[in-house]
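Protein chains in written order, with our numbering: chain A, 1 to 471; chain B, 472 to 550.
Don't take each hint at face value.
Said to hold, decoys possible - For lysine to aspartate or glutamate, the following EDC-like pairs were computed, each having C-alpha atoms within a straight-line distance of at most 20 Å: (1) Lys213(A) with Glu537(B); (2) Lys443(A) with Glu504(B); (3) Lys483(B) with Glu426(A); (4) Lys241(A) with Glu489(B); (5) Lys213(A) with Glu489(B); (6) Lys207(A) with Asp506(B); (7) Lys432(A) with Glu489(B); (8) Lys150(A) with Glu426(A); (9) Lys207(A) with Glu504(B).
Everything labelled a hint here was simulated from the structure, so no lab data went into it.
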Amino acid sequence: MSFIEKWLVESDQSTPLLLSSDQTLSYGEVSSVTDQLKDFFHPCSICVFLFDNTIPHVIVYLAMLRARCTPLIVPAESPEASIVNYVERYHAEYVVGISEKLTRLNFARYESKAISGTNLGCIRFHREALAVNDDLALLIPTSGSTGDSKLVRLSHRSIRSCITATVSRLEIQPCDTAITTLPLSYSYGLSVLHAQICAGASIVVGKGDLFSKDFWRDLDRFRVTIMPTVPKLLEILVRSKLISKLTCRLRLILCAGGKLRESIGENVLQWSLANKLCFVNMYGSTEASPRMTIMPLNTPKSKSKSVGKPLDCGQIFVRSSQDGVSGELVYRGPNVGLGYAECREDLYRGDEFGGEFATGDYGFVDSDGFVYVEGRIKRLCKAHGVTVNLDHLTDLLMSKGLLDVACLAGDDSVVVFHTNMSLKSEILAIIKLETSIAISAIKPIEVDEMPMNQKGYPNLHILKSLMPYEM
Amino acid sequence: MTNKEKYDAIFKETFNLESSQLNSDLEYQSILEWDSVGHMSLIAALEDEFDISMEMDDVIEFGTYETGILTLAKYGITI
Chain A
1 MSFIEKWLVE SDQSTPLLLS SDQTLSYGEV SSVTDQLKDF FHPCSICVFL
51 FDNTIPHVIV YLAMLRARCT PLIVPAESPE ASIVNYVERY HAEYVVGISE
101 KLTRLNFARY ESKAISGTNL GCIRFHREAL AVNDDLALLI PTSGSTGDSK
151 LVRLSHRSIR SCITATVSRL EIQPCDTAIT TLPLSYSYGL SVLHAQICAG
201 ASIVVGKGDL FSKDFWRDLD RFRVTIMPTV PKLLEILVRS KLISKLTCRL
251 RLILCAGGKL RESIGENVLQ WSLANKLCFV NMYGSTEASP RMTIMPLNTP
301 KSKSKSVGKP LDCGQIFVRS SQDGVSGELV YRGPNVGLGY AECREDLYRG
351 DEFGGEFATG DYGFVDSDGF VYVEGRIKRL CKAHGVTVNL DHLTDLLMSK
401 GLLDVACLAG DDSVVVFHTN MSLKSEILAI IKLETSIAIS AIKPIEVDEM
451 PMNQKGYPNL HILKSLMPYE M
Chain B
472 MTNKEKYDAI FKETFNLESS QLNSDLEYQS ILEWDSVGHM SLIAALEDEF
522 DISMEMDDVI EFGTYETGIL TLAKYGITI
């Protein structure tokens, strides 16, 4: 049975589930519609799903899950080449998205159908494909920014245990209402939907655009109590002073998805205390379905720099410590997914993580069990919510003829060193066209000469020392 | 510089644009640079340049490059 089945069917059917300015659907209505729609999909198949933040998208997603078809979730605005790549690499049986967008995709031998009652369409391929593992529930790309197509394989068990523990830690009740501020194609954004359904609660589905009247109207009208954020969003709320507009009906402000700047964190914490709501720091990764730690509600201020304590079902420990305190953070728990996938055959594989996930972050755990994250280990960084592989980005720029460039992690940004002023717009143009990294997250810096290391590559160590403090 | 020149300069600098791009099509999210972060930078630059402090509703509903002029008029700035 899908992880979603019980949550959907056993919650109070009269409680509203999905809310938007156009419509409101109760658990009963969603159960009924998805029950009919699920006949569209076969079990143990893969559907490349262009997930956008609308109620029809959520309905079709739930129907797919109920049919035990595995969604391979991609952002709705993914470039066509990327979608085709996923379909071919993983021999997808279906592609679902807005009908208009699907007609622009060029596939051979397929059947296409509109999903009635929605503006979504479904493309179906007639082909024999290798079976997928019975436990496989969901497929989400690990690094969506540079078109890396490695997927994380999540199981029903991993999602169920993660979300149940999340609901418990956050004390989510059926009377709670969350709002989608993040894309549903993002593992964190999706987990908010999962958590609300698990708790038999409600969720307002929309673009989550802070600079739109609709968002503020919905926040008020639907009496939203839970607002998920990422550092970039909090920064905008604080710097634009929009934070003062958040209603006092809010119970929780969640924050995860990157390192929060101390000054912003302080600011939000103060504001939360003054307005009697909980600011909850969290830490997770797609591989952990996705939550690993959550700040317990009403934690004392002294722990504010922590990302909280591990979920009750799991634990975090430090490995390979140089100083006996900090080291790589490793998470253990039933919410760790099965493993990765890079081709169709991989989807048949079973549990490879064995309940343990090495995060690639380094940090420490204090004597009270609170976890602190200090940095990323490898050449990956987060820029405005997108995970960027700095080496891949450098390779991309070089492949376009920009030979003298180097990419480093900035503060929630990517710093691109180059030697030619006139190249700046070309760099931005390439990033704009080939990746999903926000332009405002790119900081180009010109240097007279690119410092090199002995191997003939840019000397990242020297470049790092050249970075202006505020980056 | 006239107010119009200052207004245009802010748009060009914030979003890395040419004068030809300053037209009725230019609005929030019409270009990649004018995302929520870009919007905030724009508002901050306008507030700085014209020495005003915009109300929340005007920050949210600033409008397009063209209608933004009407928003600023509310603060006594004639472009």
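Tell me, in ascending order, the numbers of any earlier hints that this structure violates. Result: hints 4, 5 and 8 break, sorted rising.
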